[in-house]
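Dock chain W against the given chain B, drawing on the hints supplied.
Chains as they are written, first to last, in UniProt numbering: chain B, 1 to 201; chain W, 1 to 201.
Cross-link-like lysine-lysine pairs, in silico, DSBU-like; alpha carbons within 35 angstroms at most:
# : chain 1 : residue 1 : chain 2 : residue 2
1 : B       : Lys181    : W       : Lys130
2 : B       : Lys57     : W       : Lys130
3 : B       : Lys168    : W       : Lys58
4 : B       : Lys58     : W       : Lys57
Pairwise CB distance ranges (calculated):
#  : chain 1 : residue 1 : chain 2 : residue 2 : range
5  : W       : Thr110    : B       : Asp197    : 44 to 54 angstroms
6  : B       : Lys78     : W       : Glu119    : 23 to 33 angstroms
7  : W       : Val163    : B       : Lys109    : 49 to 59 angstroms
8  : W       : Glu79     : B       : Glu194    : 38 to 48 angstroms
9  : B       : Asp197    : W       : His120    : 23 to 33 angstroms
10 : B       : Ala75     : W       : Asp144    : 29 to 39 angstroms
11 : W       : Leu161    : B       : Asp197    : 37 to 47 angstroms
12 : B       : Pro61     : W       : Glu119    : 21 to 31 angstroms
13 : B       : Glu194    : W       : Lys109    : 44 to 54 angstroms
14 : B       : Met200    : W       : Val163    : 30 to 40 angstroms
15 : W       : Glu173    : B       : Glu194    : 43 to 53 angstroms
These aren't lab readings, by the way, just hints derived from the structure by calculation.
From a predicted model like this one, the values you see are computed outputs, not experimental measurements.
All C-beta atoms, glycine included, are put in the ideal place defined by N, C-alpha and C.
Protein chains: 2
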Amino acid sequence: MTIKYPNGKTFNDDENFDKRQSSQRSVDFSNRGMTLEAELNKSNQYYLRNNIAVIHKKPTPIQIVSVDYPKRSAARIKEAYFRRASTTDYNGVYRGKYIDFDAKETQNKTSFPLKNFHEHQIEHMRMCLKQDGICFAIIKFVFDQTIFVLKASDLIHFWDLQVSGGRKSISRETIEKLGYKVQYRINPLIPYLEAVDSLME
Amino acid sequence: MTIKYPNGKTFNDDENFDKRQSSQRSVDFSNRGMTLEAELNKSNQYYLRNNIAVIHKKPTPIQIVSVDYPKRSAARIKEAYFRRASTTDYNGVYRGKYIDFDAKETQNKTSFPLKNFHEHQIEHMRMCLKQDGICFAIIKFVFDQTIFVLKASDLIHFWDLQVSGGRKSISRETIEKLGYKVQYRINPLIPYLEAVDSLME
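So that you can see chain B by itself, here it is in the shape it has in the complex (with noise of 0.2 angstroms):
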């Protein structure tokens, strides 16, 4: 992908973004210091205009307890708490499919810590999978800013071989083998849907 220069089209502040931030910094290290989820909102956005895909974050979900309704101004929240969400962070719709994945990085270099997702994640992803859905995991090696797509049915593998007494853990070594290595690039920040194009063959 090359990067375009103006040509009479409308650009977009995140467009423009992306060109100052490639501009700065080496390839490599471009997305230092941007989380995961900003880095897929972004990507999502770019599908999302492109009529690629329809990807959202859901909203984190929370218990309001108290809200104030002044006169004349937006209702304001005064007490509420997070709650435990019963799905994955990410679905939406991709050539006709149903798409459903959540995204974790791990500051560790060897392995990514299964304890990074919760039981009724994965729960949740075994019951998509009934459903013909397409589910996996995006995964961040925050170290040297790798990134991987793993489907749902090795996490879910793994998971279970740690439940029944196994490593609490899946190496790099194994995502490496097992999941898809995603490069970044400038539009889309993380291509990931190549990757899912190869889960749908």
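Relative to the frame of chain B, chain W by itself:
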């Protein structure tokens, strides 16, 4: 659908709740007082428990401004505001297909006011349709507890007419003609996936 008697299978509270309610009231007014959202959540729980579909309501999006982290207790959100959702409220997977819908109830008797929808929800449906998602609206006329599934393409048709100066509502008559009427049942309370089966044919 017949009511099942205890047969050694574990009862769950939701099912008992249904039975208790249904014996106390006539079928026509069975769900008066329950919001459409609560009814759909119950229906989706049924679909989920029975491996029929995985469909969830998305959490309400909140802009969090201030959070307290007291020692030894849960983080407490002290200030937050409601944000406008950028998608419809419900989505999930059924028979391999991406399902996406919004649910609206009206107190009107002869028509459904289009102002129940926001521009961005209609745009979201347009984009999901482009990706071959199954998109629709669930519309409930509260006065006579009647529920319809209306295809997104029909809804968008009337929305676009409105934008170009047409009427600001869809007549009940039109909804009766174009939509799929869904009859309340015991389990699931609102068997809307039967209408979806027809949409998918």
